[in-house]
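Protein chains in written order, with the working numbering: chain Z, 1 to 547; chain U, 1 to 199.
Just so you know, these hints were derived from the structure itself, not from any lab.
Warning: the hint list may mix true and false statements.
[What the hints assert, rightly or not] Coverage of chain Z stretches by chain U, computed from C-beta distances (three or more under 8 Å per stretch; other residues unrestricted): (1) 215 to 224; (2) 238 to 248.
[Claimed, not checked] When the alpha-carbon atoms are kept at most 20 Å apart in a straight line, the in silico EDC-like pairs for lysine to aspartate or glutamate are as follows: (3) Z:Lys-279 x Z:Asp-504; (4) U:Lys-17 x Z:Asp-99; (5) Z:Lys-523 x Z:Glu-541; (6) U:Lys-23 x Z:Asp-99; (7) Z:Lys-523 x U:Glu-33; (8) U:Lys-17 x Z:Asp-504; (9) U:Lys-17 x U:Glu-33.
Ideal placement from N, C-alpha and C gives every residue a C-beta, glycine not left out.
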Amino acid sequence: MGAGRKALPGLVQELVYTVDHKKLGMMYLGSGLVFFMLAGIMAVAIRVQLAVPNNHFLNPSAFNQFFTMHGTTMVFLVGMPLILGLANYLVPIMIGTRDMAFPRLNAFGFWIFLFSGFLLYFSYLGGSGVYGIGSAPDVGWFAYSPLTAKAFSKGHSTDYWTLSLLAGGIGSIATAINLIATIFCLRCRGMTLNRMPLFVWLNAVVAFLIILAMPPLSACQIMLCLDRYLGAKFFDTQAGGSAILWQHFFWIFGHPEVYILILPAFAIISEVIPVFSRKPIFGYPIMVMASVMIAFISLGVWAHHMFTVGMSSVSNTFFSASTFVIAVPTGIKIFNWIGTMYGGKLRMELPLLFSIAFLFQFLIAGLTGVMLATTPFDWQLNDSYFVVAHFHYVLVGGLLFSIFAAFYYWYPKMIGRMLDGAMGRWHFWLFLVGFHLTFFPQHIMGILGMPRRIYSYPADRGWEIGNLLSSIGVIFQATGILIFLINLLYSYYRGRRAGDDPWDAWTLEWATTSPPAEYNFEKLPEVHSARPLWDLKHPDEPDWKHN
Amino acid sequence: MSDDGPGGASSPATEWKLPSVRKVAMISLITAESALFCIFLVAYAFYIGKSLNPPSPKEILEWPILASIALLSSSGTIVFAEKALYGGRLARFHCWWLVTILLGMTFLGYTAREWYEFIHHRHFTLATNVFGSTFYSLIGLHVSHVIAGLVLLLLVFAMSLVGKVRAEHHEHVEMVSWYWHFVDIVWVVVFVVVYVIGR
Ligand code: HEM
Ligand SMILES: [Cu+2]
């Protein structure tokens, strides 16, 4: 960190004033991790409550608040800042430029994100309208109407939720516009579109998805506010409004949001796998096309979350089929990652370990996804624990594992020191075992009929063993995370010095110092191929001669 | 190395040109705003004829002909203003720019009158029925964009009066004009959905 090992007041001042994309990126990552711990603690509380039948660890309303805050926090205050933080830090360096297109807009994006987080958590203080006796939102992260109507959601907790998401949406739209402008207008000499690292490509696609999908979320929130405060009737079924319309609008945002979170995971994996297999990525143009296709199709599948509301069978068939179609480009990507590793000289460093785990887990997530997209299957398992298992395989097995890969891969660049390998391996194995122990049994509990979002359950349903295993898994995961966090701190002071290019990598961020200087590059680079550092290291066999 | 080095876009002979940051950002902003409008438009269209109590659109909506003419012609006058600025004829630029602002304000005035009439005399509000909810939110969203556009126009006007806008700022002014065109095009769609299909 440029801010270095400084006295606290000076550091705080520097961070508040900064418009440097690298510092903002690190601030995103840091705040994302803090929110990750908060949401993690809530997940542990939920799992403790569900560990045994007829438990009274939490009361029902605290339970509702916890799963709502856990889900909302993980999606908006952990997933989004972690991916935007990585993009912020890496994209300008990878395309060989000095900063984002609009540095001040960038700072605005970060601060409004942080504000939205505070607003959400402020509900614990101000939720019921009387300070001190707060209540957090308890309507689930998708806040189905009419739960959010004034009659059912008293006090202000739902309003904090609404305003927080509105603010967060504005921040991420601002950042996405900034990313698009940066990627398309600030590339260094020779960085044509077909030489851009896949990481940059995928973040461009994500930014497009953000500007298409976040505004619908903002629109929903505005309508909900109007309903709650000015007596509008959008979602008021008593007055001709429609509760289903909320679901449509929410999922028009909600489904692409899942891809906003998972495409950056693809982006990370697409950088890590080639470098640690010592082979260029297999099928670069196809990877780009598949990503664009995934993003495009993801805009037209939202109602697969709504098979059980009783749409017409034509709609059901359409949304089922369009969801199946997404499996094709996704399959192509998995095939290409494996193709990249095939015959490569694999170096089993931590980034690659997390990436390989990602491949398996994301494959399972994809398969259960296709199962859920089959309408009659979904009729059976909608809102059961099977769904919880599915989306945690996506979000934890996919997104979180790739974020860990990113931390191990780029921490040396950001901090100038390596993360400790032994601790890293403990983290990896504990988290891997814990993850599967927690979420795999949930598939089975779901098939056995356990609904999601239940506060407790009787002992005669055959769900006890699964739930107990699931809760035990959380202990493993939490230990793994703890080791990871200790590693981040420990290596900051004691880690082995990294040097500029510890992984012998190929993209431009490794061409500058670790951590990079204020202006990234003294002299802006010029590239001749997709692997500029390969060309430098192998002048006799440069990439550009071959393509 | 015997061959003539890395070719393509990076060879010194060809120059390295990238699109303008401002244009790309403005296009992205307009895309995001369009997505926002889409949802409100769909809500409006979805609720046509679903109100359980009066009034219905037929009973109270009147064609905003003059307002629409004013707003649409302002898209023309702003182009004239831009042309004038590009050619360095500042006086002309001022004239056309002012005309654009006045036309925008005419539109705003019409909406103010319409809403005053509805709310004050007809007691038709956001809370009356689903038609009211969708009507005020959609028109309100558009009007708020007209206001934002007018603020931009006024800013440019004020800055040009003190001599801060010259021919070399053509691109900044062009961006304001793109935004204004966008507000206009949205009005066409809103007009069709609210006043043509919805009646
Ligand atoms: C790392 C360990 C994690 C554990 C142990 C965990 C556990 C849980 C549990 C027990 C629930 C409640 C299920 C229910 O009864 O409905 C839940 C819900 C949820 N989780 Fe997680 N979770 C974890 C990580 C994540 C991550 C990383 C994300 C997203 C990035 C995430 C997103 C969600 C969402 C969206 C919900 C749904 C909340 C709702 O129903 O409104 N979780 N999680
Ligand atoms: Cu979906």
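(request) Decide if the proposed pair is consistent with the structure: Lys-17 of chain U and Asp-99 of chain Z, CA atoms, cutoff 20 Å inclusive. (result) Status holds; Cα separation ~18 Å.
(request) Test coverage of the region 238 to 248 of chain Z by chain U using CB-CB distances below 8 Å; three residues minimum. (result) Per the Cβ count (5), the hint holds.
(request) Tell me if chain U covers the region 215 to 224 of chain Z under the three-residue, 8 Å CB rule, please? (result) Since 7 is at least three, the answer is holds.
(message) For a C-alpha distance cap of 20 Å, please report whether Lys-279 of chain Z and Asp-504 of chain Z respect it.
(response) Measuring from Cα to Cα gives roughly 12 Å; hence the hint holds.
(message) Between the alpha carbons of Lys-17 of chain U and Glu-33 of chain U, is the straight-line distance 20 Å or under?
(response) Roughly 28 Å between the alpha carbons, so the hint for Lys-17 of chain U and Glu-33 of chain U is violated.
(message) Need the status of pair Lys-23 of chain U, Asp-99 of chain Z: alpha-carbon distance at most 20 Å?
(response) At roughly 18 Å apart (the allowed maximum being 20 Å), Asp-99 of chain Z and Lys-23 of chain U satisfy the hint.
(message) Can you confirm whether the C-alpha distance between Lys-523 of chain Z and Glu-541 of chain Z stays at or below 20 Å?
(response) violated, 24 Å
(message) With the threshold set at 20 Å, check whether the alpha-carbon distance from Lys-17 of chain U to Asp-504 of chain Z stays at or below it.
(response) violated, 31 Å
(request) For the pair supplied as a hint, Lys-523 of chain Z and Glu-33 of chain U, confirm whether the alpha-carbon distance does not exceed 20 Å. (result) Roughly 38 Å separates the two Cα atoms, so the pair is violated.
Comparing the model with each numbered hint stated earlier shows that hints 5, 7, 8, 9 do not hold.
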